[in-house]
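From first to last, the protein sequence lines are chains W and Y. Going by this note's numbering, the residue at position 167 of the first sequence is 167; the numbering climbs one at a time, nothing skipped. Going by this note's numbering, the residue at position 110 of the second sequence is 679; the numbering climbs one at a time, nothing skipped.
Just so you know, the hints here were simulated from the structure itself, not pulled from any lab data. Cβ atoms here follow ideal geometry from the backbone N, Cα and C, with glycine treated the same way. Among these hints, one or two may not hold up.
Some chain Y residues close to chain W (C-beta under 7 Å, calculated; not the full set) [to be verified]:
id : residue
1  : T616
2  : A631
3  : A646
4  : R659
5  : L671
6  : F694
7  : P717
Derived DEER-like restraints, expressed as beta-carbon distance ranges [stated by the list, open to error]:
id : chain 1 : residue 1 : chain 2 : residue 2 : range
8  : Y       : R638      : W       : I103      : 55 to 65 Å
9  : W       : L448      : Y       : C690      : 37 to 47 Å
10 : Y       : N610      : W       : A349      : 35 to 45 Å
Covered stretches of chain W (chain Y as the covering partner; in silico rule of three or more C-beta atoms under 8 Å from a C-beta of chain Y) [to be verified]:
id : segment
11 : 182–191
12 : 268–282
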Amino acid sequence: MSTGVEERLQAALGGLAESAYQDAAGESVAVVPPENLREAVKALKDSPEIGCDYLSFVSAQDMTPRVPRFDGIYQFYSTRHHHWFRLRVPVDDGKALPSLHDIHKGADWHERETYDLFGIPYDRHPDLRRILLTDNWHGHPLRKEYDYKLEPAWALGTNVLQNVAEEGMAGHEAGGDEPAKTIVLNLGPQHPATHGVMRLAVELDGENIVGCVPHIGYLHTGIEKLSEHRNWTQNITHYARMDYLSPMNNELAYCLAVEKLLGLEVPKRAQYIRVMMSELTRIISHLVWLGTHAMDVGALSVFLYCFAEREKILEMYEAIGGQRMMTSYIRIGGVRDDMPESFPAMVEAWEKDFDAQLSMYHGLLTKNPIWRQRTMGIAAMGSETSLSYGLSGPLARAVGIDWDLRRDNPYSSFEEFEFDIPVEQAGDVYARYLVRMEEMHQSRRIVLQALEKIAGTEPGTYIVEDYKLAPVPRDGINESIEELIHHFKYWTDGIWVPRGEAYGFIEASKGELGYFVVSDGTAHPQRVKIRGPSFSNLSAFPEMIKGHLIADVIAAIGSIDIVLGEVDR
Amino acid sequence: MVRERITKPDSSSVVEVLSNPDDGSILLTSINKVIGWFQANSIWPMTFGLACCAIEMMSLTASRFDLSRFGSEVFRASPRQADLMIISGRLSWKMAPIARELYEQMPFPKWVISMGACASCGGVFTTYAIVHGADHILPVDIYVPGCPPRPEALLDAIIKLQKKIKTGTYVAQGLKEGRR
Ligand code: SF4
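Throw the hints in and build the complete structure from the sequences for me.
Now the structure itself:
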């Protein structure tokens, strides 16, 4: 991040901010009182030098025993200047924060989530309900006093489907004696095309969609709460299981955040291995997207081809990380083990065939008239609305927003790689399809470059050699008592991370994936906020689908490529 | 009539073959066993994907592992057409009543496989949001360990379930309880 940002921030905010500073991890933060928040956000958005047109997430942090108790946290990004800002807004328990939903539409869902998990109300929010937990839940899990293991005494037998009408479609009742013009159709949470457990209440006039309310949280796992009770290394395990289609991407984003806090320089070899694995991960994630998306629209054979291709990469996963999916391979300070010698041969065997495979998928779909009719002109959204909702990744690039964190804010040595970023203009389902298809092609290019670069580094330098942060190699334990002690300390105590906060972000297969971690200087995080791209992407769904036909819902869900594990966390 | 056993029946064989000197051979069996045999080889699972494990469940149906070799590739989206529920992943308290309702909508006889550590006991996610073991809300027939279990493990579970079904006791029990 360029220096002088905090001066510009201070200049843009004028007297609105209490203070603006650059924290230890080099990130720009401003503290703003609640009454100035809306003004400050508007100023940030309108100021030409700052230009924060993208709201990454809204969240909070429980600062007990400090008074005021909470800090509202707002993370911004400028797609023009490619810099990040964070606002901290102190607010007391029971006091409300102003809602930002009319400045950044994406704030709507994020504020609901914060309300749900922290119990912070938002003033003038249009629809302040719980979003991840059930309406009759007691307490707010992310408050410090809430027991993370608490099993709710929750009466079974509640018929959740009953309240579709009330919960789903407030404000749409037919008036008086007139027969209702519209019906509400419930889709999910058990529906093969929702890609997991999501519920859509769709209001229909004939076949036309008048309104749509997504209900999420059916896979809410409490990962953020659990993070506060596990040590820094253990947490990697949970994050791989969050966006389960791209496990290594999650691990990478988290490790980057923690490394920022530690001020750690990761060895080059590890960085290249990370790049290679994260691109392979992008490919498997896109393959599942393509297979299931095409299957939903009716092209079953694509599914079978994609899964066969995916197996090849899962084999590489197994070779390098020991498991088919949840490898926990990327670790703080590097990766868990060196790349096996047989690995390059595996990649080469796969890579030779992959282009032919891609062109086969193109052959099956790109010019296929049914595919084109089902996808072209469907669920299109303008670029301004997209940004306002916080859409990122392929969805943003499909409406002409030329933004890719790998190029614009490179991490893990991405600046040394050569690749193109596909951008389309139409913004419909078909454009998203084209973007992702090209991304797979580009990922293959990056993998090959990474393999070359790995060959140029010294074998064995796959993790930092600081035994406070990385495990001692097995041989060392037998040889010296000191290393045995390090080994013991590492596996019992874990890593101690200095006090501070950092935001680690990557361009994941679905968009901007970020981990905001706060350390209070102990072996456990004080707070981890996970910014999953699917959450914001899904929040735009009602707007995307309005005015289309019911059959288009299926194509549209497929095109946003959601993973419910990441939406609900 | 002379009866001669020509195959030694073991517990898993469905029919007993008896030779008849007059007109070839006769097959003897019980109705329970035959129905069990049919059911075991045409298990229709429900498309009930919850989390990561569901992806491995999908892999099992796809090209490489090919569940159709065992007669179970017909995944049904409607519980009314399915007889096997695979709880593939972590089950949240918000989802629990729905899972229970889906189970109740499945016609008898029906079976449940709890796939993965989460479904069996909460796994790594022993949090407030997750049901620590799907057997709190549903009767489970087979537990598959792993996080996620490999597709082969799930396949093994289905084969074990087939063995269980082939005993034919489900039909008898269902008739006794007056269920159809
Ligand atoms: S058992 Fe493991 S892989 Fe399966 S749903 Fe749970 S966390 Fe995911």
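*Under 7 Å, Cβ to Cβ, is where P717 (chain Y) needs to be relative to chain W, so tell me if that hint holds or is violated.*
Since chain W brings a Cβ to about 6 Å from P717 (chain Y), closer than 7 Å, the hint holds.
*chain W contact restraint for F694 (chain Y) - C-beta distance below 7 Å*: This hint holds: F694 (chain Y) lies near chain W, its Cβ roughly 5 Å from the closest one there, short of 7 Å.
*Could you check the hint for me, namely that R638 (chain Y) and I103 (chain W) are 55 to 65 Å apart, CB to CB?*
holds, 57 Å
*Mind taking a look at whether chain Y covers the segment 182–191 of chain W? Criterion is 3 or more residues with CB to CB distance under 8 Å.*
It holds, with 3 qualifying residues against the three required.
*With a cut-off of 7 Å, does the beta carbon of T616 (chain Y) approach a beta carbon of chain W closely enough for the hint to hold?*
holds, 5 Å
*Quick one, is the R659 (chain Y) hint okay against chain W at 7 Å, beta carbons?*
Holds, because the Cβ-Cβ distance from R659 (chain Y) to chain W comes to roughly 6 Å (cut-off 7 Å).
*Could you say whether the range 37 to 47 Å given as a hint is met by the Cβ separation of L448 (chain W) and C690 (chain Y)?*
The hint (37 to 47 Å, Cβ to Cβ) holds, given that L448 (chain W) and C690 (chain Y) are roughly 43 Å apart.
*For the segment 268–282 of chain W, do three or more residues have a beta carbon lying closer than 8 Å to a beta carbon of chain Y?*
violated (count 0)
*Take a look at whether the Cβ-Cβ distance between N610 (chain Y) and A349 (chain W) falls inside 35 to 45 Å.*
With Cβ atoms ~37 Å apart, the hint holds.
*With a cut-off of 7 Å, does the beta carbon of A631 (chain Y) approach a beta carbon of chain W closely enough for the hint to hold?*
Holds. Min distance 3 Å.
*Does the interface hint hold: is A646 (chain Y) within less than 7 Å of chain W, judged Cβ to Cβ?*
OK, holds: A646 (chain Y) within 7 Å of chain W, min 4 Å.
*asked:* Tell me if the interface restraint on L671 (chain Y) is satisfied: Cβ within less than 7 Å of some Cβ in chain W.
replied: The hint holds - L671 (chain Y) has a Cβ within 7 Å of chain W, the shortest such distance being about 6 Å.
Of the hints listed earlier, the one the structure fails to meet is number 12.
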